[in-house]
Amino acid sequence: MLGYALRRLVLTVPVLLGISVIVFLVISLIPGDPATAILGSFATPENVERINRELGLDRPLPVQYLTWLQGVLEGDLGRSYSLNRPVLDEVLERFGPTLILAAAALFLCTVFGLAAGVVAAVRQYGWADKLITLAVLIGISTPSFFLGIMLILWFSVDLGWFPTGGMYDLFGDGSLRELLWHLTLPATALAVVATGVVARLTRSGMLEVLRQDYVRTARAKGLREGRVILRHAFMNALVGIVPIIGIQAGFVLGGAVYIETVFQWPGIGRMLVTAISTRDILLVQGGVLVVAASFVLINLATDLIQVALDPRLRRG
Amino acid sequence: MASTLPRRTSAWARLSRNGLAVVGLAIVVAILAIAILAPLLPLADPNVTAPANRLLPPFSEGAWLGTDQLGRDMLSRLVWGARVSIAVGVAATLVAAIVGSTIGLVAAYFGKLADNVLMRGVDMLMAFPYLLLALAIVAALGPGLLNALLAIAVVNIPFFARSVRGATLGLVQREFIEAARLSGYSNARIILSELFPSVLPVIVITMSTTVGWMILETAGLSFLGLGAQPPQADLGSMLGDGRNLVITAPHVSIVPGVLILVLVIGINLLGDGLRDVLDPRLKSGALSRPVARTAVAEGRTSGTGDRGALLEVRNLRTEFHIGQRVLKAVGGVDFVLQPGESLGIVGESGSGKSVTALSILGLVPTPPGIVAGGEIRFAGRDLLRLPMHDLQDIRGNRIAYIFQDPLTTLNPLMRVGHQVTETLVRHQGLGGSAARRQAEELLDAVGIPQPRTKFDAFPHELSGGQRQRVVIAMSLANRPDLIIADEPTTALDVTTQARVLALLNDLRRQSGAALVFITHDLGVVSELCERVLVMYAGKVVESGPVGEVFAAPRHPYTRALLACVPVLGEPERALDAIPGLPPPVDDLPEGCAFAPRCPLAMAECRRGEILLARTGEGRRSRCIRWMELGDA
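Each protein sequence line maps, in turn, to chains A and B.
For the first sequence, this note's numbering gives the first residue as 5, with consecutive numbering after it.
For the second sequence, this note's numbering gives the first residue as 15, with consecutive numbering after it.
What the hints contain is simulated information worked out from the structure, not anything from laboratory work.
Don't take each hint at face value.
[To be verified] Some, not all, of what chain A presents toward chain B, calculated at C-beta under 7 angstroms:
1. ILE153
2. GLY254
3. LEU257
4. PHE299
5. VAL300
Backbone N, C-alpha and C define an ideal beta-carbon position, used for all residues, glycine too.
Isolated chain A (complex conformation):
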C-alpha cells in the first residue's frame, strides 16, 4: 500500500507539470501585445518594461516557460497590478475560504448522494426510488447560481434564518458556529448538482453490485438485510463511486466561482471573477494554478482511498 502510494505520488509530477504548461500557455492566447493586455489600465511604460522582463516576452516560449516555472517553484507567482501585492499572498489568503466552502459542499454531496443512491437502489421502482429519481433530475438540472439566489430569497430575506452572504458577521466573534451559520446556504447551493450526480451513479452502482453472487452468498449465510446491503453490497459499490466523488471535487471547486459571487464569500472564485474584469491576468494565472494543483492532490487522495478499499487494485 505504501509502495503504491509513493508510486502514485511520483505520477502526479508530470500531471502538475502539464497543468503548469497549460496555465502558462493561457498567456500566449492573449491577442495583441500581452504586456499591455496583462497590465490593462496599469500599463505605464515602467510596468510594461517590468512585465516584459519578468515574463521574458522577447525570448522563445520554452525559455519563457522555464523562467516562469522557476519563479513558481520559488513561490513567485508575479505581482498583482490591481491589488499591488504579490499574487501568492493574495491567492493563499483567498484559498482557505474556498477550501472550507468546497469541503462542506463535498461533504454534503457525499453523505446525501450516497444515502439517496442506496435507498433508491434498494427500493428500486418503489415510491422512494421514484421520488429520489425525480429529485435527482431536478437537482442536476439546477443552475447553482440561480439556486443560490433563491435560497437567499427564501431563507435569508423571507424567513431570516440565515445571513445573505459573507463568511463572518462584520462585528462577529469569528466562532465556528458563526462560520457554519454563514456556510449553510452557500454549501447547500454548491452541493445540489454534485449530490444528484453522486446519487444517480450510486444507484446504478448499487443495482449492479446487488446482482453479484457474493450478495447472494451473504444472504444465504442468513445475514440480516441491513448488513448485506451495507457491509457487502455498499462497500463494493463504493469502490466505483469514490472516483466519481473525486470528479465532483473538481465541479465543486469550479462551481465555487458562482456561489462565492452570489454569497459574497471571500474565496478564490470571487477573486478570479474580479481579476478577470480588471484584466489582472497574473492573478488569474496564480489562482487557477493553485486550485488546479489542489485538485490534482484531491484526485490522488481519492485514488488512494479506492485502493485502500479494494485490495485487488494494490497489485501493479
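For chain A, the structure is supplied; the task is to place chain B on it using the hints.
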C-alpha cells in the same frame, strides 16, 4: 438500406414509449420553437427602455412577466435571451463534439504515438477543475459571448475525445476496417466513411448529456458578467442583472432562472431517453436487483406432511416473469429428504435443478423470479411462508449453500477469515477471538495450509481450490442439518475437483448432514449420493436409488444422459450429446416435454399430462413406455 429502416422506426417507437423522454422532447421542442420564431412573434422590442414602467410585477397590463430595472418587457427579453442561450450552448456543443470526436477518432485509429500524445493532452484538460480552465481562457481572451462559447467548448472536449476513442478502439481491429485498408482507401476516407458512422450514436449520446451543462455553463459565465455584454443579453446575464434586485423585484431573476431550469430538465429527460434507446445496455429497466427473498404467490399450507422427513418439497412451481413471458423454470417438483440422506439432482442446463435448490431458501432472484405455488417444509416448517427473520435464522445455520464459482461467491473486499467468522458471529453469537479461533479450525479442517495466515488473505490471493475450501468451511461452520451444493466444482480443474469433492463428502459424513447435490456429472452423483432425481424442462422425470437408476434407467432421457458419460477403456463409445435442445420453458409442448427428442415417442406421448408412475421400490418415472426400457 431496407434493413436499417425498420430499426430506425423502432428506435423512434421506443423513444415515444418512454413517457419521460416524450415530456422532455415536448419541453425542448416548445422552447426551441418559441426561440426560433421570436422575430415573428408579437413581442415588444426587448431593448426599448421605459423608465416610467420600471420593475412592474408580473401580470401587469401590457407586460405579462413584468418589466426589468430599465422598464424593458421581461417576456420579450426572456424569449430573445433564450434564443441567445440556446444558440451559444448548442454551438459550444457542436464545437466540442467536432474537435473532441476528431481527437478520439484519430487517437484510436492511428494508435501508438498519436494516441499517447493526444490522450495525455486530454488528460491534462481533465486534470483541471471543469469551470476553472474556462475562466482562465476567458481571462486571456477577454469577456464576451464568443469567448465564453469557446472556453466552455474547450473544457468539454475531453468528454467527447474519451468516449469516441473508447468506441473506436473496439472497431479499429474489425474486419471491415482491415478490408478498407487493404483496398487502399485513404486514412481520412476510412475514418470518415467507415468509422465515423459507427461511432455516431456515441457522439449523439455524449452531445445529449453535455448540451444541458453547456447551456448552464455559458449562462453561468454570462451571469458572472464574463459572457454576453450589454446590450446583448442571454438568460445568464438577465439573471445576473436581477441578482441585485432580488429583494425588491425577485421576478427579474426568477423568470430567467426558471426558464433555464425547465429547459435543462427537458434536455436531460430527452437525453436520458435517447441514451436508453441508442445504448440498450444502459437501459435502467434491464438492471433490476434481486430483493432479500424470492416472492411467493398467495397460497395456503396444507399443514400435513411427512413427520420424520428433514426436507419435503411438494409441487414446487417457480417461474420467471419477464415482460409478457412466463418462464416455468420449475413446474411442480416433489421430493422428500430424510435426515443424513444424500440426494443428487441431475439434468442439462436449464432443466430447473438450480432453481429448485435456490427456491428452498428463497434465493431465486426477484424480480423476475416468483414461487408460484407449492410447499417447502423443513423440519416441519413451511419455509415459503416463514417470517423473514426466522428464515434468516435457518439460512447459513440449519441449511447451508455451496455455490458454483468460488471466485464470484466470495466478497472480493473481505478477508476470507472474516467471511467465515461472520456466519459464526451471526448464528452462534461468538465473540471476536472465539470466532477467529473457530474459523481457523474450520480452515484447517478443510485442508487449507497455514490457516492462521490464510485467515487474513483476500479471495483473489487464494487458488480456485482453496477458495472453494473456504466456501465449504463457511457452509460447515454452524454444523447445518442440510447442505445444498450447486455444481460446486465446475469452476475448478479436474484434479482439484476430485480432492474438493472427497473433502466435501468426508466432512458431510462426519457431521451427519443431509446433502442435496446438483450437477450434470453423473459419475459424481454415483459416488456421493444415495438417491438421484433426474430433471427435464422443470419437472422430475425419474427418481430412485442411484445404483438402480443408473443400472436400469426407466426414462429415455436418463438413458440418453447415461449414454453421454465417457467410460474409461471404451474410447470407441459414441459420446454424442442428446440431439436437439430442451424446449423453451415459456412454451412447453403438451404431453411429455422430452417427446420431440425421444426415440420412443408416439402419439400418446404428446397428449395430456404424463404423470410420475411408480416403477419399483422407491422409484418413479414420468414415461408411459417405461416398461419397454429393458435393463441396460
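Self-check item: Per-residue hint verdict: LEU257 of chain A, partner chain B, C-beta under 7 angstroms
Solution: Hint holds; LEU257 of chain A Cβ to chain B Cβ min 4 angstroms, cut 7 angstroms.
Exercise. Closer than 7 angstroms between Cβ atoms is the bar; does ILE153 of chain A clear it against chain B? Give me holds or violated.
Key: 5 angstroms, holds
Quiz item: Does GLY254 of chain A pass the interface check with chain B, least Cβ-Cβ distance below 7 angstroms?
Solution: Since chain B brings a Cβ to about 4 angstroms from GLY254 of chain A, closer than 7 angstroms, the hint holds.
Quiz item: Taking the closest Cβ pair, is VAL300 of chain A under 7 angstroms from chain B?
Solution: The hint holds - VAL300 of chain A has a Cβ within 7 angstroms of chain B, the shortest such distance being about 6 angstroms.
Exercise. Answer holds if the nearest beta-carbon of chain B is closer than 7 angstroms to that of PHE299 of chain A; otherwise answer violated.
Key: 5 angstroms, holds
Every hint from the earlier list agrees with this structure, and none is contradicted.
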